[in-house]
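Enquirer: Residue numbers (our numbering), protein chains in the order written: chain A, -9 to 269; chain B, 246 to 551; chain C, 213 to 545.
It should be emphasised that the hints constitute simulated quantities derived from the structure, not laboratory data.
Quick reminder that beta carbons are idealized off the backbone N, C-alpha and C, glycines included.
Please note: incorrect hints may appear among the correct ones.
To be verified - According to the in silico footprint, chain A covers these stretches of chain C (three or more CB under 8 Å from chain A):
hint : region
1    : 216 to 224
2    : 311 to 321
As the list claims (entries may be wrong) - In silico lysine-lysine, DSSO-like type, Cα no more than 30 Å apart, as pairs:
hint : chain 1 : residue 1 : chain 2 : residue 2
3    : C       : Lys325    : C       : Lys306
4    : A       : Lys154    : C       : Lys286
5    : A       : Lys154    : C       : Lys306
6    : C       : Lys379    : A       : Lys154
7    : A       : Lys154    : C       : Lys302
8    : C       : Lys306    : C       : Lys286
9    : B       : Lys349    : A       : Lys(-3)
10   : C       : Lys306    : C       : Lys390
11   : C       : Lys379    : C       : Lys390
12   : C       : Lys325    : C       : Lys389
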Amino acid sequence: MLKRIVKGCGFYGVLSLFIMFSAVPFYIMLITMFKRNHDLLDPNNNPFIFNEPPTLQHLDLLLHQTQYPVFLLNTLLVGVLVVLITVLLALPAAYSLARLAGGWGEMVGVGIFLTYLVPPTLLFIPLSRIVADLGLQNSLWALVLIYPTFTVPFCTWLLMGFFKSIPRDIEEQALIDGCSRLGAFFRILLPISVPGIITVIVFAFTLVVNEYIYALAFIQESGRKTIGIGLTTELIRGDVFYWGALMGGALLASIPVAILYTIFLDRIISGLNMGTGRQ
Amino acid sequence: MRQGHLFHSDRLTALALLVPVVTYIVAFIGFPFVMSFVYSISDATIGDPHFSIIGMRNFREMLQDEAFRTSLANTFIFTFVSIGLVVVLAHILAELLIREFPGKWIARFLLMLPWTAPIALGAIGFLWFMDSVYSPFDWLLRKAGLLGHPGDLFGPMSNLYWLARPGLAMASVILVHVWRLLPLATVILIAGLNSIPREIVEAAQIDGAGYFRRLFHITLPLLFPVIGVTILFSVFFTFTDMTVVWILTKGGPPPHATQVLASLAFLKTIQGGDLAQGAAVALFFFPVLAGIAAIVLRLVKKAVVV
Amino acid sequence: MANVRFTGLKKHFGPVRAVDGVDLEIADGEFLVLLGPSGSGKTTLMRLCAGLDEPTAGSIFIDGELVNDVAPRKRGIAMVFQSYALYPHKTVFKNIAFPLSVEGLPRNEILSKVEWAANLLGIGHLLERMPSRISGGERQRVAIARALVRRPRVLLMDEPLSNLDAKVRHTARDELKKFQREIGVTTIYVTHDQVEAMGLGDRIAVMNDGCIRQIGSPDEIYQEPSDTFVAGFVGIPPMNFMEESGVLTGFRPETFLPARLVDDHERRIFRFRIERVEHLGSYNLVYGKVGEALLIANLSVRHEVREGTEEDFAVRLTDLRYYDRATGRRIPP
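All chains should be built: construct the whole structure from the sequences, respecting the hints.
Expert: Right under this line is the structure:
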């Protein structure tokens, strides 16, 4: 009996340590964004609780006196467009590789996946030249054009896995029942794949919001910035940190993405495994 | 009845559907990739559309540049220390998380936050956490009497200066990397643990194997490919990352205490305007990436056979 | 309604010869079973007929029309897969209606045809359910209803009963044969289960290694197998064989009886050492040896034999079959 209590304590004890390790920075961000500056900027005050009543002034600053809403909008815009392009590119490719291409399909699929290994921290160099040459410097279109380079390989791989998990029987049945290949794709395969496609959409979107270096390299004008780069440049002016607004801005943008990602996390991981044929 | 040419069109259709993706990848990944090699042996700059090939001069200059040598060393140090910590911690956390317990979904959400939250935003949180004046962790240490007075465990100064002292700054960057990667590694490991057929574990139990014997003789060997994948992904994300470094320290404290290849390349290219030097720096990723690609290919081949 | 003809049909997958020269003619309205072990080529042959795979050589005719280059949907065929391949995101009604809606038929026509097919298969009450909510047997009927709703020229079925519970299989078999007769559609049926084949087929084509070994009625296949493969594959337990100077003498277990029960003067007697008796309820299987050959006798429970004894057993001469040991082919009587 005692052993069980000790085991239980040990289990929950270690678990709590991990949870604190992961979540405390966010907790701090949460508290900080509502703390009065007078409370916040006193190093002797307890940073984990409200020593003075909470305030909305940082939120007010964030939403009304900075470009934060613009950043959010920009990120959303780029996200939607990039997801669209990604799906349009990846969907037919994934279908081709999963169903039509036979033996060489597997290899091409792996090849596409491997292009993911060419990192943005290398590619940004020639790409910044290309962006400048195309006259897209400072434009969100540069991001829309370039971001699919890291969403498409992964998403093609994911979709390939999802398509492969649908039995061939069902499509062949559709071919016999009167559909052309295209018809079978749209009337049968696509509706069944909707959960997989939604997973891919969510995943691509999180990749977009996470992006930092391309945005930093290509966009200088503050009105065109995305969330990742906008916060540090707008709310850190020289040596002055607008801590409350900074934390608030970071947290507000993190939470929806985190919630979405968590919901689909299992699907994404199993989708990656499916692509390799391992379960 | 009209003939429908089914079979020839299948192959053609397959190729036609691949054209958009392949075109895009060649244009925006393949071509730039080649260009980065060209730039590295040239004198190209962002401003000037023309450039000439100058051979290996960039590489020679780099190898003598102290900033570069430090960056190279840092990149490896950060990566391998982070990976080592992550693999060990992820194993422990994975063992905890495969059990059922009340409130598991909340625990999971909180544990996943470092990964599911966008990287730049999480790093911003650490700016405050590691601030030289306001760090909450420093406050805790002061309150516990471990900091702030002569003879205290962590020193007489009132703050630890996480990001301002070279050694501690490196540790801070590593900490943030570990913090971020732990959830991903854990999830991959859990998937791997769950994929071990129950019968094998049960057979081992019937055969009389205790926990540690099962761990070393059954679980770990079967998990080997999954651990390999985890390490691969983690290496990839850490080795080529510049976001964490840039947000926390921008490569400082001066001169280059936490500089990594990626941030150095960024400095030289975007702030220095020197495409050639930047490319030369960033190309040092290539051997590591080629190595990863080779290992990934072998793993995938093995997986298909199994 | 149509007849089907294969001439010189071959399908090679690289070095693998899945179908290696098949000539077959199936009459209009006939129920033909393709019987064989896995890997014999029977499913590949059916897929060639359906147009899901392209032949390496040879021709396929449906109703006299060469269909080699014709897409599956234009061949006038219907197919039932072993997994039933029901569309998981559509109701039973929509599943059955699918071929009709692809054709673009008007709504009321679709309605009446689906109702006809559903009633024929006795699933009219399931029309609004989703495939995941009905039993295996019901799913099979939905698949068949969907196949029949277009009144196809040829019906192809790939082991449609193998996923059913053993108990349900008998009734399913019975119903299948009954309404095939009623509708009269030319049917090609693939199975590895020889009991099923014997019960269902008008004719059976026994296949192995991509070739047809023998075609005939169930009785012909059973009584006059043309080679040792067919003789060994059809019949449970398989035919007994004894080797005697390059010739295999074969006889079915139920023809191998205690000599006292075989009063025909034209008979052959064997000294049978009985080793083991299996009591299977309605009959007994007696395992034993003649010389070094392991043989099995199928005896009615009325006749008692004891393990460990030796007894004279006999086979009527007319029940003996002779096969060449080297080629396996039947030596004519």
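Enquirer: All hints, please: hold or fail.
Expert: Do the hints match the structure? See the list:
no.	hint	verdict
1	216 to 224	violated (count 0)
2	311 to 321	holds (count 3)
3	C:Lys325 x C:Lys306	12 Å, holds
4	A:Lys154 x C:Lys286	26 Å, holds
5	A:Lys154 x C:Lys306	24 Å, holds
6	C:Lys379 x A:Lys154	34 Å, violated
7	A:Lys154 x C:Lys302	20 Å, holds
8	C:Lys306 x C:Lys286	21 Å, holds
9	B:Lys349 x A:Lys(-3)	18 Å, holds
10	C:Lys306 x C:Lys390	26 Å, holds
11	C:Lys379 x C:Lys390	18 Å, holds
12	C:Lys325 x C:Lys389	21 Å, holds
The structure is inconsistent with the numbered hints 1 and 6, although it conforms to all the rest.
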